[in-house]
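K.L.:
Going line by line, the protein sequences match chains A and B. Here our numbering is used: position 205 in the first sequence is 205, and no number is missing along the way. Here our numbering is used: position 222 in the second sequence is 540, and no number is missing along the way.
Hints were generated in silico from the structure; no laboratory data involved. Any given hint could turn out to be false.
Below, in silico cross-link-like pairs of lysine to any residue (SDA-like), each with a Cα-Cα straight-line distance of 25 Å or less [as the list claims (entries may be wrong)]:
{"hint": "1", "chain 1": "A", "residue 1": "K224", "chain 2": "B", "residue 2": "K585"}
{"hint": "2", "chain 1": "B", "residue 1": "K480", "chain 2": "A", "residue 2": "T170"}
{"hint": "3", "chain 1": "B", "residue 1": "K543", "chain 2": "A", "residue 2": "E287"}
{"hint": "4", "chain 1": "B", "residue 1": "K585", "chain 2": "A", "residue 2": "T195"}
{"hint": "5", "chain 1": "B", "residue 1": "K480", "chain 2": "A", "residue 2": "K240"}
{"hint": "6", "chain 1": "A", "residue 1": "K224", "chain 2": "B", "residue 2": "K558"}
{"hint": "7", "chain 1": "B", "residue 1": "K542", "chain 2": "B", "residue 2": "S525"}
{"hint": "8", "chain 1": "A", "residue 1": "K240", "chain 2": "B", "residue 2": "R442"}
{"hint": "9", "chain 1": "B", "residue 1": "K543", "chain 2": "B", "residue 2": "D526"}
{"hint": "10", "chain 1": "A", "residue 1": "K267", "chain 2": "A", "residue 2": "E287"}
{"hint": "11", "chain 1": "B", "residue 1": "K558", "chain 2": "A", "residue 2": "G129"}
{"hint": "12", "chain 1": "B", "residue 1": "K558", "chain 2": "A", "residue 2": "G135"}
Sample of chain B residues lacking proximity to chain A, with all beta carbon distances greater than 12 Å (derived) [as the list claims (entries may be wrong)]:
{"hint": "13", "residue": "G463"}
{"hint": "14", "residue": "S498"}
{"hint": "15", "residue": "K609"}
Just so you know, even glycine gets a beta-carbon here, dropped at the ideal spot from N, CA and C.
2 protein chains.
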Amino acid sequence: MATDNNLPAIIIHRLPHFKLSFPWAKNICNPIESSDPLYPIHKPSARILIVVGPSPLNSDHLDQYPSLECVFGTSAGVDHIDLAECRRRNIRVTSAGSAFSEDGADYAIGLLIDVLRRVSAGDRFVRDGLWPVQGYYPLANKLGGRRVGIVGLGSIGSLVAKRLEPFGCTIAYTSRNKKSQVPYAYYPTALDLATNTDSLIVCCALSDETRHIINRGVLTALGKKGVMVNIGRGALVDEKELVKFLVEGELGGAGLDVFEKEPEVPKELFTLDNVVLSPHKAILTPESFDKVTELMIANVTAFFSNKPLLSEINLSDY
Amino acid sequence: MATDNNLPAIIIHRLPHFKLSFPWAKNICNPIESSDPLYPIHKPSARILIVVGPSPLNSDHLDQYPSLECVFGTSAGVDHIDLAECRRRNIRVTSAGSAFSEDGADYAIGLLIDVLRRVSAGDRFVRDGLWPVQGYYPLANKLGGRRVGIVGLGSIGSLVAKRLEPFGCTIAYTSRNKKSQVPYAYYPTALDLATNTDSLIVCCALSDETRHIINRGVLTALGKKGVMVNIGRGALVDEKELVKFLVEGELGGAGLDVFEKEPEVPKELFTLDNVVLSPHKAILTPESFDKVTELMIANVTAFFSNKPLLSEINLSDY
């Protein structure tokens, strides 16, 4: 990677298998990866680090950058960054904010329609040559009239709700607090929400409070005709229980973009037609990446001109 | 099938491989299939015939029922019924009207999201075990901001438009006539529409005028980044040209619920990840079937009490 030593060095932190690259703002900074020959020189003085995707950033990593003042995350979620440790070290943290929200919401609707109407399963049916042999594909489930519960009515959840309205769904939600000026029914817990709906869309942030927020009790409440879509984080759902419910027919179906041990996906799901499996790509479009790049440029510029950062995480919550 | 000879006989007309059955209104009529021992007795006197799905009904069939007054179709489209011949014989024809419209519109949105965001292809990627091997799935395309053209702004097309609005798409349409009180841009031909949009949703009725309405010129106008969804009828699209465009990368992608020679699907499409294939099931949900059954009951009742039929086709158009 060509570097310009007149520009401030910014450390690019990523797991080797996160191959995605953003068009870093090369006119305003000097992006340095650990493979760069100049990396050892810049390590002690670098003030900014950019975390690519969900690459974990822990205290051992932070120890290597004594001058670090700011960590820029490129994901909407920041559960892979040790926020408590950043707070202790007075390191500020930003996320991708709402740059991915539209794509995330679009994909959630796509997964919901797919699970209910069996789009992927129908595609498999045709490609396997079964249409001329078996005739009609079994009836699927209608979307209109379903009671959809949104777990986390944040930036993505709100856009999911807006998209669902013209489909004739009844929308409800759970979140840390009841939102004012929202026309949807509020339930204080995921269990209450699941008890009063038949479809859950999970799109909240992962934290100690939300880990396994979708557990055995919630899945039981959702029931045999219930479906669940998860575009948040794998660990929001107790995956072992989910697999058991799906395999035993105790849950109607699931659309899963995220998993507890990515890229590992429980193999028991591979043969189920009421499940849509997706390789954590709900937000992967060039347009979203452009938005995040713009956000990064704005944040780097703001940082070096001492202006307020965009999409900064309030670390006092952690 | 148990019969009640006190109720009026109604002929059930279907191709043998259309295995779907509706819960016929057995309390108000006596449904007779050609396999029924009483069929030869009822044939000369039957006044009503119900056509199941897209089973063709031509003049040879009609010749067998000299007392026929009314043909009830169970599909939204009636292109499989020889309407000119029905008109000549003074036989009235009804369709499923808008009973399937919501499900058709939902499915169209599902196919559009699937083609753009590669939902089915991603599912295949995971099930084939490629995620841990190849890492990230390639970037897909954003739905928001796309210029979507609807071919046929009827019952289904209007619901498609309504559903697309919150996704941030610009909506335009073509139809026989410009509709008043519709906020979308109107183009008089499919070619004009394709020239001014990047995504087509085909959901008009099939007739002599609309056969191959999506032809080489329209596909060229749609272009390499353009996508097309067809939930209407296979013959609305010149399938040979479509396959050529897709195989040669001259069209961005397609979501196809219908084909020219169903259940045959061109095998060249089976290996393409930018194509979603579906076995003519956009409207197959129990809820839609219930609606059609209700409609049939209402129509049978109306017929025998000399009241106006519901969803009657204006045969003077044919």
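K.L.:
Each of the hints needs a verdict: does it hold here or not?
P.N.:
For each hint, the structure was consulted:
no., hint, result
1, A:K224 - B:K585, "36 Å, violated"
2, B:K480 - A:T170, "17 Å, holds"
3, B:K543 - A:E287, "14 Å, holds"
4, B:K585 - A:T195, "45 Å, violated"
5, B:K480 - A:K240, "39 Å, violated"
6, A:K224 - B:K558, "43 Å, violated"
7, B:K542 - B:S525, "28 Å, violated"
8, A:K240 - B:R442, "22 Å, holds"
9, B:K543 - B:D526, "29 Å, violated"
10, A:K267 - A:E287, "32 Å, violated"
11, B:K558 - A:G129, "19 Å, holds"
12, B:K558 - A:G135, "23 Å, holds"
13, G463, "7 Å, violated"
14, S498, "21 Å, holds"
15, K609, "10 Å, violated"
Of the hints listed earlier, those the structure fails to meet are numbers 1, 4, 5, 6, 7, 9, 10, 13, 15, in rising order.
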